Amino acid sequence: MRTFSYVRAASPGEAVGLYRPGAAYLGGGTNLVDLMRLGVAAPDQVIDVTGATGDSISESDDGGLRIGAGVRNSDLATHPVVRERYPLLARAVLTGASGQIRNMATVGGNLLQRTRCPYFQDTGMPCNKREPGSGCQATAPGADTEHLAILGHSPSCVATHPSDMAVALTALGARVRLAGPDGDRWVEMPGLHRLPDDTPERDTVLHPGELITDVELPPPPDGRSTYRKVRERASFAFALVSLAAVLDVGPDGRVRDLRLALGGVAHVPWRAHIAERAARSLPATPETFARAAGEELRSARPLPGNEYKVTLARNLIVAVLEELAP
Amino acid sequence: MTRVEGPEKVTGAARYAFEYPVPDAVYAYPVQATVASGRLRAFDATEALAMPGVLAVLGGVTTGTFGMENFELALFTSDAVTYRGQLIGAVVADTLENARAAAVTVRARYDPQPPDAVLRPGHPKLYRPEKVNPGMPADTGYGDVAAGLAGAAGRVAVTYTTPVQHNNPMEPHAAIAAWDEAGALTVWDSTQGPTADRDTIAAVLDLPPERVRVISPHVGGGFGSKGTTRPHAILAALAAREVGRPVKVALTRQQMFTLTGHRTPTIQRLELGAAADGALTAVAHDVIEHTALRTEFAEQTAACTRVMYGTPAMRTTHRLAPLNVPAPSWMRAPGETPGMYALESAMDELAVALDMDPVELRIRNEPAAEPESGLPFSSRNLVACLRAGADRFGWADRDPRPGVRRRGRWLTGTGVAASTYPARRRPSSATADALDGGYVVRIAAADIGTGARTALAAIAASTLGVERDRVRVELGDSALPPAWLAGGSMGTASWASAVAAACEALLKDGSHGSADTAEDVEGDSGFARHSFGAQFAEVLVDPLTGEVRVPRLLGVFAAGRIIDPQLARSQFIGGMTMGLGMALMEATAVDASAGCFVGLDFAQYHVATCADVLDVDAFWIDEDDPHLWPGDGKGIGEIGITGTAAAIGNAVYHATGRRVRDLPITPAKLLGAG
Numbered sequence: 121m122r123t124f125s126y127v128r129a130a131s132p133g134e135a136v137g138l139y140r141p142g143a144a145y146l147g148g149g150t151n152l153v154d155l156m157r158l159g160v161a162a163p164d165q166v167i168d169v170t171g172a173t174g175d176s177i178s179e180s181d182d183g184g185l186r187i188g189a190g191v192r193n194s195d196l197a198t199h200p201v202v203r204e205r206y207p208l209l210a211r212a213v214l215t216g217a218s219g220q221i222r223n224m225a226t227v228g229g230n231l232l233q234r235t236r237c238p239y240f241q242d243t244g245m246p247c248n249k250r251e252p253g254s255g256c257q258a259t260a261p262g263a264d265t266e267h268l269a270i271l272g273h274s275p276s277c278v279a280t281h282p283s284d285m286a287v288a289l290t291a292l293g294a295r296v297r298l299a300g301p302d303g304d305r306w307v308e309m310p311g312l313h314r315l316p317d318d319t320p321e322r323d324t325v326l327h328p329g330e331l332i333t334d335v336e337l338p339p340p341p342d343g344r345s346t347y348r349k350v351r352e353r354a355s356f357a358f359a360l361v362s363l364a365a366v367l368d369v370g371p372d373g374r375v376r377d378l379r380l381a382l383g384g385v386a387h388v389p390w391r392a393h394i395a396e397r398a399a400r401s402l403p404a405t406p407e408t409f410a411r412a413a414g415e416e417l418r419s420a421r422p423l424p425g426n427e428y429k430v431t432l433a434r435n436l437i438v439a440v441l442e443e444l445a446p
Numbered sequence: 016m017t018r019v020e021g022p023e024k025v026t027g028a029a030r031y032a033f034e035y036p037v038p039d040a041v042y043a044y045p046v047q048a049t050v051a052s053g054r055l056r057a058f059d060a061t062e063a064l065a066m067p068g069v070l071a072v073l074g075g076v077t078t079g080t081f082g083m084e085n086f087e088l089a090l091f092t093s094d095a096v097t098y099r100g101q102l103i104g105a106v107v108a109d110t111l112e113n114a115r116a117a118a119v120t121v122r123a124r125y126d127p128q129p130p131d132a133v134l135r136p137g138h139p140k141l142y143r144p145e146k147v148n149p150g151m152p153a154d155t156g157y158g159d160v161a162a163g164l165a166g167a168a169g170r171v172a173v174t175y176t177t178p179v180q181h182n183n184p185m186e187p188h189a190a191i192a193a194w195d196e197a198g199a200l201t202v203w204d205s206t207q208g209p210t211a212d213r214d215t216i217a218a219v220l221d222l223p224p225e226r227v228r229v230i231s232p233h234v235g236g237g238f239g240s241k242g243t244t245r246p247h248a249i250l251a252a253l254a255a256r257e258v259g260r261p262v263k264v265a266l267t268r269q270q271m272f273t274l275t276g277h278r279t280p281t282i283q284r285l286e287l288g289a290a291a292d293g294a295l296t297a298v299a300h301d302v303i304e305h306t307a308l309r310t311e312f313a314e315q316t317a318a319c320t321r322v323m324y325g326t327p328a329m330r331t332t333h334r335l336a337p338l339n340v341p342a343p344s345w346m347r348a349p350g351e352t353p354g355m356y357a358l359e360s361a362m363d364e365l366a367v368a369l370d371m372d373p374v375e376l377r378i379r380n381e382p383a384a385e386p387e388s389g390l391p392f393s394s395r396n397l398v399a400c401l402r403a404g405a406d407r408f409g410w411a412d413r414d415p416r417p418g419v420r421r422r423g424r425w426l427t428g429t430g431v432a433a434s435t436y437p438a439r440r441r442p443s444s445a446t447a448d449a450l451d452g453g454y455v456v457r458i459a460a461a462d463i464g465t466g467a468r469t470a471l472a473a474i475a476a477s478t479l480g481v482e483r484d485r486v487r488v489e490l491g492d493s494a495l496p497p498a499w500l501a502g503g504s505m506g507t508a509s510w511a512s513a514v515a516a517a518c519e520a521l522l523k524d525g526s527h528g529s530a531d532t533a534e535d536v537e538g539d540s541g542f543a544r545h546s547f548g549a550q551f552a553e554v555l556v557d558p559l560t561g562e563v564r565v566p567r568l569l570g571v572f573a574a575g576r577i578i579d580p581q582l583a584r585s586q587f588i589g590g591m592t593m594g595l596g597m598a599l600m601e602a603t604a605v606d607a608s609a610g611c612f613v614g615l616d617f618a619q620y621h622v623a624t625c626a627d628v629l630d631v632d633a634f635w636i637d638e639d640d641p642h643l644w645p646g647d648g649k650g651i652g653e654i655g656i657t658g659t660a661a662a663i664g665n666a667v668y669h670a671t672g673r674r675v676r677d678l679p680i681t682p683a684k685l686l687g688a689g
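Sequence lines, in order, name chains A and B.
Using my numbering, you'd call the opening residue of the first sequence number 121 and step up by one each time.
Using my numbering, you'd call the opening residue of the second sequence number 16 and step up by one each time.
Read the hints as simulated data drawn from the structure, not as lab findings.
These numbers come from a predicted model, not from an experiment.
Using N, Cα and C, we set each Cβ at its ideal position, and we do this for glycine too.
Be a bit skeptical, because a hint or two may be false.
As the list claims (entries may be wrong) - To list a few chain A residues with every Cβ distance to chain B over 12 Å, as calculated:
#1 G159
#2 G184
#3 T265
#4 P301
#5 G343
#6 A357
#7 V369
#8 D377
#9 R411
#10 E415
#11 L432
Claimed, not checked - The calculated SDA-like cross-link candidates involving lysine to any residue, where the alpha carbons are at most 20 Å apart (straight line), are:
#12 B:K684 to A:L423
#13 B:K523 to B:L450
#14 B:K146 to B:P337
#15 B:K684 to A:G183
#16 B:K140 to B:R284
#17 B:K146 to B:R439
#18 B:K146 to B:D301
#19 B:K684 to B:R564
#20 B:K684 to B:V173
#21 B:K684 to A:P424
#22 B:K523 to B:E537
#23 B:K684 to A:E266
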């Protein structure tokens with residue numbers, strides 16, 4: 121039997137103190153335990169941090185929100201302040217996984233779930249993420265690419281980040297507080313997750329032993345927002361492409377502020393800065409939205425078999441913004 | 016009526032194969048080939064054998080003797096690796112965790128060959144099988160197809176493809192095997208047929224059948240994948256013999272994708288011609304599908320065409336490409352499911368070509384006798400199903416123009432397709448005894464979640480003229496009177512015949528009755544016996560995202576006499592739901608260069624969720640068919656899945672004007688070029 125030790129930490133400091141190379145932090149276990157069963161992850165020590173990080177949601181002085189990393193996804197989505205002031209986030213969380221999984225999954229764990237690819241999960245296949253340097257079966261001819269990346273991928277990895285919540289947080293400009301061996305620090309979103317480059321084994325910018333303790337949201341943005349997730353079945357499926365959008369249109373009918381984040385297209389929740397800049401100050405019309413989407417997706421490099429995602433992402437941006445426009 | 020074993024199941028008291036508390040049991044964990052093609056050159060278990068708790072390692076190439084040639088079941092006797100995931104060994108240990116940890120340390124080395132796992136038209140190895148499942152001719156034909164097509168006013172010549180699909184029952188395949196001192200074997204197995212499973216296990220292990228007992232009172236679904244003996248059961252028996260203790264084997268969901276069968280992908284060419292009034296002038300249905308290199312399975316995909324519509328000329332053919340894949344096998348309505356998808360989609364295209372209502376086109380081609388055989392139908396109510404369904408669905412007001420109806424961001428459309436499935440029965444035996452003021456019926460039937468126990472109690476009670484709660488049915492054990500398996504929609508018909516006869520014998524005798532229907536069943540000739548149905552679908556398609564949702568699905572079926580409305584409804588709508596999954600999401604990806612299936616779990620192989628099933632309803636027309644058998648039922652386990660995918664695909668065309676001829680109909684395909 122592959123053995124590992126299990127310890128519960130009561131505080132971030134204790135968790136970080138217990139950490140040593142080969143250990144893994146455990147939140148709700150909805151991703152790590154699966155990967156351990158599959159043999160993809162094999163930590164020798166599992167540090168349960170569900171009692172170490174906060175499990176409460178509180179309003180901060182600046183009008184934002186502080187969310188403990190141990191808050192369960194279900195509790196986040198149903199929290200009255202989240203529902204009222206950040207409906208985009210509530211909606212995104214509720215489109216993720218199933219009710220049972222959301223009851224277990226934590227905010228911190230959700231952000232740190234591994235990127236997805238059929239070949240990462242199959243220990244008999246080469247995968248640079250699972251075994252650095254072993255190759256990438258997903259880029260071999262005739263591979264199954266339907267769910268893989270179109271933006272920001274590298275020859276070594278074409279996996280996608282699966283979180284819905286992270287896409288919403290990326291659009292909202294959340295920041296994440298980390299505790300670590302070298303003290304605490306804040307990381308902005310986007311910026312927590314990283315593109316694969318030639319080190320796809322690293323999904324995020326976290327240093328070894330660092331732990332997410334809180335997520336902080338700025339005050340809700342002006343304008344209207346929503347989250348749309350496209351998938352071939354109505355529930356319990358990862359996004360083919362998803363979109364978190366915030367659109368603020370001035371009294372002159374021009375785009376005052378726009379924030380867009382795409383899910384299912386890259387190794388990170390993809391903040392569409394190019395589209396945002398392209399639309400700013402222009403009339404909030406379908407033409408503007410189409411031009412902005414087109415500019416963002418100019419850098420898309422679909423794989424053989426997932427070209428549809430470029431069309432889908434473009435259509436989704438336009439459709440959602442048309443819906444949000446006054 | 017409610018299920019006899021309902022309380023046991025909802026309280027968790029019902030025991031499934033893996034759950035039997037067999038004392039002293041240990042665990043075996045499979046070692047599977049990591050290449051798809053080649054020779055196994057070395058199998059080194061040194062490290063595994065030294066690991067904690069490990070009792071034995073089986074595998075490599077051994078000289079085990081088996082009583083039956085069967086590449087999938089005569090384990091570890093060949094160095095040929097013909098598919099990735101092939102069972103090449105197993106570790107037996109005191110716990111499942113120890114067995115699994117040791118299994119990954121087994122070092123196998125191969126002389127690999129480039130794999131060939133992707134079905135394609137014109138594959139150089141295509142051949143015509145002797146027969147297609149379950150013993151039908153591969154090719155049939157009559158009349159002049161070319162002339163019929165040439166003279167047609169409306170013509171369709173199109174190719175449909177369906178992907179690899181996996182049965183994926185809820186309960187993973189599992190077995191416990193225990194040998195006694197006298198060398199008799201007991202297997203607690205998850206099987207659709209204890210008698211057939213017992214016979215196969217005995218044959219493979221070269222034992223007389225009476226030395227093997229299979230016990231399986233509760234089975235968590237099978238959809239055909241538990242209709243034939245699977246390697247986990249043989250592995251459990253071999254491992255138990257090796258270590259001298261009972262051995263448990265439970266396949267993981269991932270292992271099920273290679274070790275428990277699947278539905279072949281199909282490439283189907285349909286050519287239909289019709290006169291201006293809709294009368295068919297020719298039908299050709301040419302099928303290409305795959306099979307395994309060492310085990311042939313030929314899905315009878317075009318067989319439905321031999322049954323459905325009257326035509327002066329017809330051709331049906333099947334060709335197989337042997338590939339580096341595990342053996343395909345039965346999956347809910349083998350043949351009819353992919354075949355009716357293609358035929359009923361082509362009929363819809365023909366209706367469009369003729370500018371004719373698709374319900375009317377089907378009615379126009381109602382045959383007087385079974386087209387291929389010329390046999391009279393024992394009963395056939397396709398037309399009645401189409402009419403009743405059209406009525407209930409509100410078909411009469413349908414605007415045939417495609418791509419013109421909107422509901423918010425959705426385009427909407429409706430579609431229709433026919434369903435069919437053969438009605439058959441096979442020899443079975445049963446006993447009935449008066450006991451303690453009640454009655455007990457014994458038969459080695461299987462209840463795989465269909466409610467067989469409940470239906471058989473109803474048949475027995477009605478024959479005996481008593482209330483159902485006075486009858487207890489014992490099934491799921493090969494020690495009971497031998498019976499046919501729960502497959503081919505033949506379970507209830509086969510068992511009901513034996514149970515009714517046994518109960519009649521009991522009435523004569525007063526205390527005991529027994530029956531064997533072998534002779535009766537031999538007399539089941541002279542008629543074409545089939546169930547028919549009509550399915551209607553309404554779909555929503557978002558043209559910008561390619562999402563398809565099915566707000567309404569309606570089926571009307573004619574399947575003989577319905578024995579129990581509640582159980583029947585559950586079979587019909589269950590089949591239709593699986594058909595919805597086939598239409599929109601079910602597919603196993605094949606990696607061409609690695610030569611294998613990928614995406615082997617429920618996060619990647621999608622079946623319909625509750626949220627996908629909105630308004631699914633089934634109705635039926637009770638048939639009074641004098642040419643059936645006791646119970647008067649035609650079997651209802653499979654007809655519900657046939658035609659559903661075509662009805663949905665036809666509705667997608669009606670909604671969008673776009674004909675996707677490659678299942679499943681996903682956003683990727685709706686947004687793609689074409």
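Earlier hints that do not hold, by number: Of the numbered hints, 1, 3, 6, 11, 15, 22 do not hold.
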